[in-house]
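Using the sequences and the hints, build the whole thing.
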Amino acid sequence: MTDSIHVKGARVHNLKNVEVKIPRNKLVVVTGVSGSGKSSLAFNTLYAEGQRRYVESLSSYARQFLGRIDKPEVDFIKGIPPAIAIEQKVNTKNPRSTVGTSTEIYDYIKLLYAKIGITYSPISGNPVKRHKVEDVVKAILSKPNDTSLLILAPIQLPEERTLEQQLQLLMQQGFSRIAKDSGEVVKIENYSDTDIPLLVIDRIRVNDEEGLHERIADSVQTAFYEGDGSCVIQDMKSQEKEIFSNKFEADGITFEQPTVDTFSFNNPIGACPTCEGYGKVVGIDPDLVIPDKSLSVYEEAIYCWRGEKMRKWKNELVRNAHHFDFPIHTPYYELTEEQKELLWTGNEYFKGINAFFKRLEEKQYKIQFRVMLSRYRGKTLCPECKGTRLKESASYVKVGNTAITDLVNLPIVRLLPFFEKLELNEYQTKIAERILVEITKRLQFLLDVGLGYLTLNRLSSTLSGGESQRINLATSLGSSLVGSLYILDEPSIGLHSKDTERLIKVLKQLRDLGNTVVVVEHDEDIIKAADEIIDIGPLAGRLGGEIIFQGDQKALKKADTLTSKYMRGEMSVPLPDFPRIWTDYLSIEHAVMHNLKNLSVKFPLNTLTAVIGVSGSGKSTLIREVLVPTFNKVKGLGVDYYKNKSGSSLSGDISRLSTLEFVDQNPIGKSSRSNPVTYIKAYDEIRTLFASQKSAKRAGMKPAHFSFNVDGGRCEECQGEGEIQIEMQFMADVRLTCESCNGKRFKDEVLDIKYEGKNIYDVLKMTVEEAIDFFGKNEQGTQEKKIISKLQVLSDVGLEYVRLGQASSTLSGGESQRIKLAFFLTKERAEPSLFVFDEPTTGLHFHDINKLMSALNSLVDRGHTVIVIEHNMDVIKASDWIIELGPGGGEEGGKLVFAGTPKDLVKCKDSYTAPYLAEKLK
Numbered sequence: 001m002t003d004s005i006h007v008k009g010a011r012v013h014n015l016k017n018v019e020v021k022i023p024r025n026k027l028v029v030v031t032g033v034s035g036s037g038k039s040s041l042a043f044n045t046l047y048a049e050g051q052r053r054y055v056e057s058l059s060s061y062a063r064q065f066l067g068r069i070d071k072p073e074v075d076f077i078k079g080i081p082p083a084i085a086i087e088q089k090v091n092t093k094n095p096r097s098t099v100g101t102s103t104e105i106y107d108y109i110k111l112l113y114a115k116i117g118i119t120y121s122p123i124s125g126n127p128v129k130r131h132k133v134e135d136v137v138k139a140i141l142s143k144p145n146d147t148s149l150l151i152l153a154p155i156q157l158p159e160e161r162t163l164e165q166q167l168q169l170l171m172q173q174g175f176s177r178i179a180k181d182s183g184e185v186v187k188i189e190n191y192s193d194t195d196i197p198l199l200v201i202d203r204i205r206v207n208d209e210e211g212l213h214e215r216i217a218d219s220v221q222t223a224f225y226e227g228d229g230s231c232v233i234q235d236m237k238s239q240e241k242e243i244f245s246n247k248f249e250a251d252g253i254t255f256e257q258p259t260v261d262t263f264s265f266n267n268p269i270g271a272c273p274t275c276e277g278y279g280k281v282v283g284i285d286p287d288l289v290i291p292d293k294s295l296s297v298y299e300e301a302i303y304c305w306r307g308e309k310m311r312k313w314k315n316e317l318v319r320n321a322h323h324f325d326f327p328i329h330t331p332y333y334e335l336t337e338e339q340k341e342l343l344w345t346g347n348e349y350f351k352g353i354n355a356f357f358k359r360l361e362e363k364q365y366k367i368q369f370r371v372m373l374s375r376y377r378g379k380t381l382c383p384e385c386k387g388t389r390l391k392e393s394a395s396y397v398k399v400g401n402t403a404i405t406d407l408v409n410l411p412i413v414r415l416l417p418f419f420e421k422l423e424l425n426e427y428q429t430k431i432a433e434r435i436l437v438e439i440t441k442r443l444q445f446l447l448d449v450g451l452g453y454l455t456l457n458r459l460s461s462t463l464s465g466g467e468s469q470r471i472n473l474a475t476s477l478g479s480s481l482v483g484s485l486y487i488l489d490e491p492s493i494g495l496h497s498k499d500t501e502r503l504i505k506v507l508k509q510l511r512d513l514g515n516t517v518v519v520v521e522h523d524e525d526i527i528k529a530a531d532e533i534i535d536i537g538p539l540a541g542r543l544g545g546e547i548i549f550q551g552d553q554k555a556l557k558k559a560d561t562l563t564s565k566y567m568r569g570e571m572s573v574p575l576p577d578f579p580r581i582w583t584d585y586l587s588i589e590h591a592v593m594h595n596l597k598n599l600s601v602k603f604p605l606n607t608l609t610a611v612i613g614v615s616g617s618g619k620s621t622l623i624r625e626v627l628v629p630t631f632n633k634v635k636g637l638g639v640d641y642y643k644n645k646s647g648s649s650l651s652g653d654i655s656r657l658s659t660l661e662f663v664d665q666n667p668i669g670k671s672s673r674s675n676p677v678t679y680i681k682a683y684d685e686i687r688t689l690f691a692s693q694k695s696a697k698r699a700g701m702k703p704a705h706f707s708f709n710v711d712g713g714r715c716e717e718c719q720g721e722g723e724i725q726i727e728m729q730f731m732a733d734v735r736l737t738c739e740s741c742n743g744k745r746f747k748d749e750v751l752d753i754k755y756e757g758k759n760i761y762d763v764l765k766m767t768v769e770e771a772i773d774f775f776g777k778n779e780q781g782t783q784e785k786k787i788i789s790k791l792q793v794l795s796d797v798g799l800e801y802v803r804l805g806q807a808s809s810t811l812s813g814g815e816s817q818r819i820k821l822a823f824f825l826t827k828e829r830a831e832p833s834l835f836v837f838d839e840p841t842t843g844l845h846f847h848d849i850n851k852l853m854s855a856l857n858s859l860v861d862r863g864h865t866v867i868v869i870e871h872n873m874d875v876i877k878a879s880d881w882i883i884e885l886g887p888g889g890g891e892e893g894g895k896l897v898f899a900g901t902p903k904d905l906v907k908c909k910d911s912y913t914a915p916y917l918a919e920k921l922k
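In my numbering, the protein residues as written are 1 to 922.
Please note that a few of the clues may not be correct.
[Claimed, not checked] Between beta-carbon pairs, the in silico distance windows are:
(1) His-329 x His-594: 21 to 27 Å
(2) Gly-900 x Ile-431: 54 to 60 Å
(3) Tyr-61 x His-6: 31 to 37 Å
(4) Gln-64 x Thr-810: 23 to 29 Å
(5) Lys-909 x Lys-78: 25 to 31 Å
(6) Ile-123 x Gln-172: 38 to 44 Å
(7) Val-482 x Thr-810: 29 to 35 Å
(8) Leu-424 x Met-236: 37 to 43 Å
(9) Arg-698 x Arg-862: 54 to 60 Å
(10) Glu-891 x Ser-60: 48 to 54 Å
(11) Lys-247 x Lys-421: 33 to 39 Å
(12) Lys-187 x Ile-269: 26 to 32 Å
(13) His-594 x Gln-364: 31 to 37 Å
Quick caveat, the hints were computed from the structure, so don't treat them as lab data. Idealized CB from N, CA, C, for every residue including glycine.
Written as structure tokens, this is what we have:
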């Protein structure tokens, strides 16, 4: 086996015939500016070939489920192991997929509960046990010698028979005696009472006699059979009785013997029948009924009990609260769980919220009540299973005195100690030993990658790209594969510098198992931890695609590349000359949502504010789920007032801002025809320019003829797609270049129209940078100036390498976000707006962050306000104002740790960010 992966002649996308040798069993970081060709080398070449070769080795039957993988454009790749890609995409939209199921931890926990779980009766709280014959034999033989016992069975009386008939039948079967309730034994023929007695199976004297064990076992077996699963042992001297049952029952309830399916919400056997295992149902949403959790009941926290007519429900509670000590002046979020539950269920003194809505439903024939009900309807926690997704019977089974339904809602940081400290008896330990190893190992990996704040019940679809990637990374570690090639796409996204250290440890663990780990990364700490660094550049697009450096840390320090200059400190993201002074602000008050703990915070206007904190500290909740919807609610910007779940109040200089633009990393368009140039509206100007050419006018062509979205000029065969998708039924669909237009998307007569020797297809193939040069040749043209002004903005945000016609679906999250930023920069707004960015540095090299900061600052200079959720120290140090949440993640977060300037943050002792920022400011 070779000690390196040898790639020769890689020409995917902008790679220029690249040759590289990647050492095996090492941690290799591939870096370079955005668009230099990192992903083309790592994913489109290495991963594509590694995966393709593995798939080729499978049978044709297996291959049909794995999709078709194209051979990358490369001369050869030698020494490549099977490849696994761990990308940032949130892979699942499945509403049943959770952190527990995707990491397989929940599968092991289900197995643990099925094998060693003890069922407790919900009535008495006693363990439910099924007795075997051997259990009864042991109980009898443990009595002192010469103890005389009766082995009895309860007489089963079928409906159609009388007691007399049943006794006659038992006599015919060979039984001769019965025992009365008093303990007296009589012959069957002498019994004349109406009470049903017990049937005597055998009389035993406990001694060391040979064969006694077998005799007792036979008699007990007979007793279980005749007694329909019950057997009674009676001491003939004291008349004391012991009852045994081979059925799984207690307190008159027959329980199910736990199996793995009992704990599976994907199976009808275990799923809650009300919500079918989803954990949520359409019903009355508590967040809509009580939107502002900082108000008390007296201050009308219960929204539906406001107004003249409905206030009587509230008044009834206020008048009678003293009878049951209900604190009507305490804010809702400070009430205990029991007090909150009481508001919904009510008692003898007042009718609760549930009764109120039941009353509305009874009067649905009136339109005002139907409207009122619709205001408060939404997806809400299932009332039956309280979001645990399982039948109630699953909560009767416990391990370590804890039900599985309690475990799934514990954060991983508290779940791991539970399993590590679990006390089991010798029998349980033997069964659970292997299962517990798997559970604790996987939980430890999740903790190592900085996800200790997540719960196993958290939906996979609600995770960020970075969280999703780190879960996949933890799962890969759990599988303990060796000899593989792992390719990761910026695993540090969404990670605080504190957690990056733990991530590096995990990556090294993966390497030490015997794997090759290739990481596409820009984070300084991860670059410093690499065994080998490959720098691709020198710039982006057509000016990139070359290996400009390969070597270790020492060699990188001496290299002449953009990465090494930033690492050495020769180049850096500049600090502002002076922080902007502010007087106007927006203030969020009493934010209580998820883990936010009655948070009040000010956001200065006409500044650049960074919201920071460790993963899970509440940044996204504060911005995405509190600030954005509250602002839109106050401004009436298309958000239904009643459907706003964030009940926080917003004050300050709201009138100063006209609108809010939330710029996240979602794709800019779902259509395969969507591309950057259509998104920023530059394509409209390009089409107008082509339609104004003399040859176009002669042919009677309008701008619409140069569009691939409408009939007219586009190729009718492929509808302007450039390729045709052929469905292959049970095999993967095949995409072929359209034969009619050869992938050029337009009819020949449209392609004949040329501007400066280029047709519309040639222009769409250009990069932003090439297009600016091309249209810049004609300096006098008004139309050209309009095109350049829009394209220039794409270049300013660091996207000069993107092709004008590149499909939106091929852009990364960070690229999509910067195209949105460019779109806002092209729209000159007279009124100041609020711009919110969710980690805009995703996928950005140090050099690109420089450009990004210029673009963000230009928005502020135009009078707008910019808020960024960010972990990048270069952005944090160059911000005007910092808001840090924390101090930890999950339950440990949700508090305001610091608000002030970067220089003041360095002095904050409670901040996890301060030491890293101090290092950066040096």
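Outcome of the hint check:
A hinted range of 21 to 27 Å for the beta carbons of His-329 and His-594 is consistent with their spacing of about 25 Å. For the hinted restraint 54 to 60 Å between Gly-900 and Ile-431, the CB-CB distance of approximately 56 Å keeps it satisfied. As the Cβ distance of Tyr-61 to His-6 is approximately 33 Å, the hint placing it in 31 to 37 Å holds. Look at Gln-64 against Thr-810: about 25 Å separates their beta carbons, and that is inside 23 to 29 Å.
In this structure the hint that Lys-909 and Lys-78 lie 25 to 31 Å apart at CB is violated, the actual value being about 54 Å. With their beta carbons about 40 Å apart, Ile-123 and Gln-172 fall inside the hinted range of 38 to 44 Å. Restraint check, Val-482 to Thr-810: a C-beta distance of roughly 33 Å satisfies the suggested window 29 to 35 Å. Between Leu-424 and Met-236 the C-beta distance comes to about 39 Å, which sits within the given range of 37 to 43 Å.
Between Arg-698 and Arg-862 the beta carbons are some 43 Å apart, a value that contradicts the proposed interval 54 to 60 Å. The hint said 48 to 54 Å for the Cβ distance between Glu-891 and Ser-60, and at roughly 51 Å that hint holds. Take Lys-247 and Lys-421: their Cβ atoms lie about 34 Å apart, and the range 33 to 39 Å holds. Between Lys-187 and Ile-269 the beta carbons are some 49 Å apart, a value that contradicts the proposed interval 26 to 32 Å.
For the hinted restraint 31 to 37 Å between His-594 and Gln-364, the CB-CB distance of approximately 33 Å keeps it satisfied.
Hint violations for this structure: numbers 5, 9, 12, all remaining hints satisfied.
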